Structure formats: structure tokens, C-alpha cells
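There are 2 protein chains.
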Amino acid sequence: MTLTGQMLIGQHAITGTREAIRAIDPATDKPLDPAYPGGTDEHVKQACALAWAAFDSYRETPLATRAHFLEAMADEIEALGDELIERAVAETGLPRPRIQGERGRTCQQLRTFARTVRAGEWLDVRVDTALPERQPQPRPDLRQRQIPLGPVAVFGASNFPLAFSVAGGDTASALAAGCPVIVKAHGAHPGTSELVGRAVARAVKKCGLHEGVFSLLFGSGREVGIALVTDSRIKAVGFTGSRSGGSALCKAAQARPEPIPVYAEMSSINPVLLFPAALHSRGETLAQGFVTSLTQGAGQFCTNPGLVIARQSPALARFIKTAADLVQRSPAQTMLTPGIFNAYEAGVGALLEHARAKAAAIGLRGETPNQCQAHLFVTQAQDFLADPALQAEMFGAASLVVQCADDNEIRQVIEHLEGQLTATLHLDDADLDSARTLLPVLERKAGRLLINGWPTGVEVSDAMVHGGPFPATSDSRTTSVGTAAILRFLRPVCYQDFPDTLLPAALKHSNPLQLRRLLDGQREAQDNV
Amino acid sequence: MTLTGQMLIGQHAITGTREAIRAIDPATDKPLDPAYPGGTDEHVKQACALAWAAFDSYRETPLATRAHFLEAMADEIEALGDELIERAVAETGLPRPRIQGERGRTCQQLRTFARTVRAGEWLDVRVDTALPERQPQPRPDLRQRQIPLGPVAVFGASNFPLAFSVAGGDTASALAAGCPVIVKAHGAHPGTSELVGRAVARAVKKCGLHEGVFSLLFGSGREVGIALVTDSRIKAVGFTGSRSGGSALCKAAQARPEPIPVYAEMSSINPVLLFPAALHSRGETLAQGFVTSLTQGAGQFCTNPGLVIARQSPALARFIKTAADLVQRSPAQTMLTPGIFNAYEAGVGALLEHARAKAAAIGLRGETPNQCQAHLFVTQAQDFLADPALQAEMFGAASLVVQCADDNEIRQVIEHLEGQLTATLHLDDADLDSARTLLPVLERKAGRLLINGWPTGVEVSDAMVHGGPFPATSDSRTTSVGTAAILRFLRPVCYQDFPDTLLPAALKHSNPLQLRRLLDGQREAQDNV
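Protein sequence lines correspond, in order, to chains B and R.
Residue numbering for the first sequence follows this note's numbering, starting at 1 and increasing by one per position.
Residue numbering for the second sequence follows this note's numbering, starting at 530 and increasing by one per position.
Each hint should be verified, as a subset may be incorrect.
As the list claims (entries may be wrong) - To give an idea of the chain B side of the interface with chain R (calculated C-beta under 8 Å), a few residues: (1) V127; (2) P138; (3) L142; (4) C207; (5) G447; (6) P499; (7) L518.
As the list claims (entries may be wrong) - Per the computed footprint, the stretches of chain R lying under chain B, defined by three or more beta-carbons under 8 Å from a beta-carbon of chain B, are: (8) 675 to 681; (9) 972 to 985.
To be verified - In silico lysine to aspartate or glutamate, EDC-like type, Cα no more than 20 Å apart, as pairs: (10) B/K508 x B/E60; (11) R/K780 x B/D433; (12) R/K1037 x B/D433.
I should point out that these hints are in silico values taken from the structure, not numbers from a laboratory.
Keep in mind the model is a prediction, meaning the values are calculated, not measured.
Where a beta carbon is used, it is the ideal one built from N, C-alpha and C, also for glycine.
Next comes chain B alone, as it looks inside the complex (with noise of 0.2 Å):
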């Protein structure tokens, strides 16, 4: 397949007129074509006009077409072979068995989704049956179900160009809720995106749904962005990225007539706690996974580990040194884009200029455009107090050890926090009371707490949680990986007193869905349905 730079306005390739973008290979600062020509305000209207025309048909699809829907957006995304793996390498500078292994993932997620809808929990059947004899007054017959929102707009990560893009977790679950998507693509691989746009354009045109169902736009700046936003046809927005792009998406969604959920992913530091017990046995290990953890993808994760706090003692000494002795014999990286190295570029330097932290080790330098070199950095506790841009995040293998007095300053480090994807603790027996200790705080701080492991690596599972307080993500009561994630697009509704024949399948009387209801209070069983 030949790349067109087009959009796709449901099943139609669209040629926009505004500034183009143009991706651009980073590993050598060269342009890649084809160019992209920005959308138009009317082409986002365009899309979310047929979004719109798509939403009352769609959503009430039978859930095994639905699911089956999913399913060939993965047969679809596979079927892409080598060609989506080269141009997303080209694009982002990403290691071939890196892409390989989240185009895996990418799949795996939608199947996992289908999986999800067929079950049907997530349609919360609540049925409170009539009880005309009660006083002092009667009953009527109550049943709730769960509905989608409505049209989404997904924007793209930069550092998910398949698992977190066009038909990434966001774009999964919103799909899989009944909700039509319109995807803004990231800038910096809009070839790997129109790939998997024509690849889930065709999976809507085989499972023979609603055009409207799939939209993919591009657009250079913000402009895009906040049309689609703006839309009072688009009733949710998926989001990962920056906290200034989030933000922005946010108050955007709240100036609207009708205030809109945005979710975005947005910024964090995934502090490491690192106990002495476990310190003292097994330091060196815990430097070495350390460090393959920071400068795992270029550092460049949500989770990745950017905060290290730990009680000063000969073994976090012994920590550090080994640490950093490895930073420094970490090879240089290819980022993702010339944007986010020169970030980087920007957040390390101003930390190797800060007064109060000091670089521990800095990493190889490297011989081609966009190369992160790792750092590691190291504070003390009430200098990481006493000035909250130590808790910024620099995105790429960075990061930075707190060194605490007691325990006592260690939680007040952990307060000082501000909202985080991820909490990870490292113990032996010896220190499991004070991690005790420590759990309340930390689960007030972050969505998915650690023992023993490192934070990056996200399961796609029904457990997981890729969330936490703010500005981990604007809105802490979800998560944006796993099957949960299907919940941040759908409302309840109740039918009072329907009759059989206009109750949706999901609510009628003979439970055609086989679903486990909530029925008078008591969850069914499995062999009553």
C-alpha cells in the first residue's frame, strides 16, 4: 500500500488544506514523506456529523457484532505485515522488536475487548422488580443498564504509536462502550496512523456498520484538537501526552455549553521506594533492574521510574554508585521525536544547573540527531521539600534520588507528592512494617502501587489500573489500560415500568444476555441465567 496523506472521514480518503505535518525520521532529522495537510474546521464537522449519524445504530449492536468488530481490527492491523512495522520504526526511532512486540499488544487489546463486551458486566444490570402490594406506596418495576456517551475523540500518543494511538486502549474501549471514535493522530507518526486508520476503516466496511463508527483526522497545532473538542457532538475525549496539552483539553471541555469528561494521561514520576532491609541484601540487583527500567525505550514511559527515595545509610551509597556507574555505561537513544529530546535536553539542564541536586552519572553520548543520554541525579530530602520543579517531570531516561534522614522525612517526602500512575516499594520481611506504615499515604497518591518489581511494563488486564490522582490523570476514578477502561464511556439509565416488547435485550424479562444480574439485591447465579 502506497501512503496518500489523506484523512478518513468514515470510509472516505480526504485530502485536508491546512498546514501539513510531516513526519520526520529521528534518527537522521529527515523529513519522511508523505506530507499531511491539516484538517479543516469543516472536516471535523464533517466527522462528527457522520460520528453523530453513526452513534444510535451503533451502539446498539448486538455485542457479538460488536466484539467481532474488534476482532477485525486486529486481523486487519496484522494483516498490515511489515510495512506498518517499518514505517512506525521509521517514524519513531523505535527499535524493531519494540514495535513488533506493541503492535502484539495493540492486538491482544482489542481481542481482550471483545472478550469484555461479549461478557456483558460492564452493562451493570440492576432490575428491582415491581412491588404493587408495598405501602405506603407501591414499587414500580426498576431497570438500570449502562449506555454509551456518545462520539470520542482520541488524540494519539507520541510514545505508543499502536498500542496508545489510532487504534490504541483509548480508541478500544470508546469502540467497545458503543461510542463512534474520531481520532486525532499524533504528529510525529501520522504514516503509522493513516496505516491503521485504512486498516480499521476496513474492518468497519467488512462488519458492514456505520461509516461514521471510524474518523481520522490530522492537523498541525491545536487547532484540530479543540474543533473536535469544542464539537457538542463529541461527549468524551481520550487523551495521553503533556500536562500542558491535557490541561488545555480540560478547560476546553469544561467552557463548553455542555461540559464534556476529558481523560487524560498526563504526567508522572512513579516514585521508587527502596526499604533497608532490601537495600542492604540485594542493592546491587536492585541498581541493576533500576537501571534497565530508567533507560528502557529511552525512558520514554508514563511509568517510568523518575524518583527514587530511600533512607540515607552505606547501602544507598552503595545504590547510587552502582547505579550510576551503569548510567554511565548506558548507550545513547533515539527519542521519539527533535520535540521531545530538545524537552529532555531542556528538564536535565536545568537540573544539572540546579544548586541543590547533584548529577550522579550521566550516560554515553551519542553520535546521531536526538539521542538521550541517560542521568541520574541525587537530592536531599528537604531540598526536594523546599522546591516542588525537583518533582517535574523530565520525559526520557532521567531520574532523581532523594536521600531521607529518617523515616519521618520519608513520609513527608511521599506527602509532598503530587498525584502518580504508580507507587513501587522494595522489601524484604524485615521491612514490611514500615512499608505498612507507608501504604495509606502512597494509595492516596497513585493508581498502581509495586512490590518488589519495577513500574514499567502495563498489563493489559482486567486488575490493572493506568491512573491516579491528578496530574497523574485529570480524572482519578479510572483507568486508561485494561478492561476497566471500557467504564469511563458509558451513563446509567433507567427504565421505569416499560413493557417487554421496548426494554433493550439487556433488560428484558427472559435475560436473553444471559447476563448476571443485580436482581432485588442479590447478584444472580451462574445457573440461574
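Once you've looked at the hints, dock chain R against the given chain B.
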């Protein structure tokens, strides 16, 4: 018990020092003793500090303890006896049986949430067990539960001095979720609020909970409310009231350094659709039911039927005539406050002067202050579509009949509506097909759809939805009545590779709470737990 005019900051009765509020008996316009001096910013900070101090212990109370606390609240409210009834009647002008019924509903609501807490479904426990042999990477052990958001600010509502005020639905669901609550009492019924507040504080003490679990503040104007919503320790807000009040709170909450969710239930005109066959076969009965629902409690319900939509026909003309006769003979009723009465007068006054709306009937004039005369207006679909002012809520016993030329106009009128709490359909068998075509539109507009009933009367049960798209509420993803209201105050946390000893009870391997977990993708059966 003698009313003291004091706030409650935890277990401490404190006299405010800002401008006092004082209840007014709306039936006489006479002020009632005592005065309730307003809290200062310092009082707000004290209450928030206490709530914050209480949070970590309260949120980990065993489910049985928390359920018992909710039941103790109900017991203490009932123990207030007639003093509560008399004071609420005096402060609201509502009839004694209504207040008695509302007390019953309030206590039943607390006991229902106690049952919900014990059942533990809201913890939404999800377990993905470790797959150490999985290729290419092992899966860690992942366990998810819901934890409470943090201290919640609750604003008492004017129209439900018990069921939506100090110990009403927002308070009950937030406490059930494990969130400490600070109530800002509604200025219209401070004595009722003090009585109930002291009952709650007694329950806190009897159950041996941290005193910061509950505080009650008074204040005129918006200072106390805004100070509460902008305090960094408050993590969510519950509000039932006007669109302007709710929007101001949303704005303040979004402008915080850490934005927080606001659950504001604000404005709804609750459209009622009358279908031709039903109108033809039982128009008189429908008119009677309509006027009863419209005038109940002087129309001061969020679910009051403020809009009737039907196709022009002789049967509709008869419906209007019968309803007009009944409205004309409706006795005036005391409204809750002089402010609400004045707003109602302004609302119906504007409609009386509207060129495109015709007054079909005005109810009997009152003899005492603040008496609501029922109003019935009629307009044409094209006029309704042309002027957004015609769908502004008139809080009180006023309704507008929109006459449509054909089914297409009916659809246009419904599509033109803002978000609603309810939508009602009156239909006979011959109307089923037309109703079916409108249901998708109505689902997009309202949180609850009713057939052949009236929207006033909101059951507290599992399947109820008292919510809906903006401006019915600020967050359509939730309900403020019914057991699902607890979900508003929770967020998920994932525990990765935790040793059993550090896991919370809900997630331990032995499942001591006997929850029906989502275990490796399957919902556990009852006999497995």
C-alpha cells in the same frame, strides 16, 4: 433539645462569627430562632483538617462497622422524634405527613446503604493471578479494589430538608464509600440541619469513629461553600440546587491546582410525551394524573413534569381543557422560601408576558405569604424551537404544553431539549411503534425513562438513576439517588505482586470478605466464596 445556633466541627459545637442565617417560616414570613452565625475560613480549615485526619482510619473501617454507623445515624434521627418533624415543618412550609414520609425515606436510605456497604459489590474486586511461565513475559499478580476519594463537601438542598440535606443521599453515599463528610447546611432550614447534624455526631461517637468523619457548617452567601470546595483536602462535592449555584461550584472545583469532581444535580423540566391512542382512550385520567404530579409539594421537585409534548388533536385539546380546569381549582401552596417563591413568580411572570406562550390556567390565589399558584401554559412546537427561554426550568407548579403538528415536530422538539433527569411516555398498545422510534433520542436526553407513570417519586433502590446529561447534572455518568450513588466517591487502585500480609482484606488470597471477585476473567460463583 434546645437549638443552639452552633456548627459542629467534629464533636465540637462552635459558634460562627460571620453574618448569621436565620430560618423563616414561609407560611408567615416570620423569622425563627435561633440565629446561625456563619463559619469563617478558619472554621472551614478546621473542619477540613479534621476530615483529613479521619480519612485514613475511616476508610479502612471494617464493612460491618461502617454499615453499623449508617444504621446508627438512622436510629439517632428517628430518636429525635417530633421535635425534628415540627422544626422541619416550620422551616419549610411542607405539610407534616410529607416531612414524616421524608424522614422515613431518609432513614431507609441510610439502611439501604448499610446493606450495600456490607454486600461489598462496590469494591469491584478484580484479581488477575500471576502467570510466571507466560511468554514473552510473565504476568505479575494484579489485584484491584476501589478506595474512597477523600473528604467530601455536601451541600444541603432546599427541597428535601431531610432526604437531600445533612444526612441525605449525598452524605449517606459518601460515608458508605468511606469518605468523611463536611456538610454546608442549606440556609433555609438550619434548625433541622442542627438537629440532624447532632444526631449524626452522636452516631459517630457511639460507633467510636474519628470525630472528623462528620462536620456541619453554616454560612450565608457563597463564602463558606467556595472555601470548602477550594480546600485542597476536599476531594469531591455533592450538590443539589440551582443551575447557577452548581455551575459556580464546578468552576471553582476545576480552577483548583488539583481539580476535583463535582456531582451537581441542577435543572430539569422532565418532558412528558402523550401518544395519540393513550390521549384518545384516557385523556381525562392522564390530565388528572398530570395535575396531581405537577402540583404535589407545590411542584418543588427536581422531577416535576414541567413540559408536555403531544401532537395536536381534539384529544389533546380535551386533555388541556381538563388539566386547565383542575389547575384552576388547585389551591395555592406555601413554597419553601421567599426566595424560591420570588423566583417562581419571576419565571411564570416572564411566561405570562411571552408573546408565544398562552396561559391556559392559573390556580387559586393564596391568602398567606409565599404561596405558589399553579400555572399551565400552552405553546406551539415552532415557537418552542425558536426560543430557548421556553425550556428554562420554573421551579414550582408550572408546566408548558408544546403542541406539535406531526411526529416529525415531536422528534424535533425532543432533539432540541437539554439534558433531563426524566422523560415520561404515556402510551397504549397502538402507540408502541411510534414510541419505539423515539426511545433512542430519549435515552440520549435523560437518566430515567418512564412509561405510563409520573416522574415525581424517586425510588431509593439498586436500579434507580437520578441523573442525566447536562444541565440535569454536571456528570451524567452517575446517579445521586439509589445504591449506585456510592460509585461517585471511589477510585480504583491496583496492587501488583503484593505479599498477602500487605494486601487489604478485600484482596487477600483467602477472600475473607467473601466477595464475588472477577477472578482471571470469570465472576466467582456464590459457592466459591
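Taking the hints in turn, this is what the structure says about them:
| no. | hint | in the structure |
| --- | --- | --- |
| 1 | V127 | 6 Å, holds |
| 2 | P138 | 10 Å, violated |
| 3 | L142 | 4 Å, holds |
| 4 | C207 | 20 Å, violated |
| 5 | G447 | 6 Å, holds |
| 6 | P499 | 7 Å, holds |
| 7 | L518 | 5 Å, holds |
| 8 | 675 to 681 | holds (count 3) |
| 9 | 972 to 985 | holds (count 10) |
| 10 | B/K508 x B/E60 | 14 Å, holds |
| 11 | R/K780 x B/D433 | 42 Å, violated |
| 12 | R/K1037 x B/D433 | 17 Å, holds |
Hint violations for this structure: numbers 2, 4, 11, all remaining hints satisfied.
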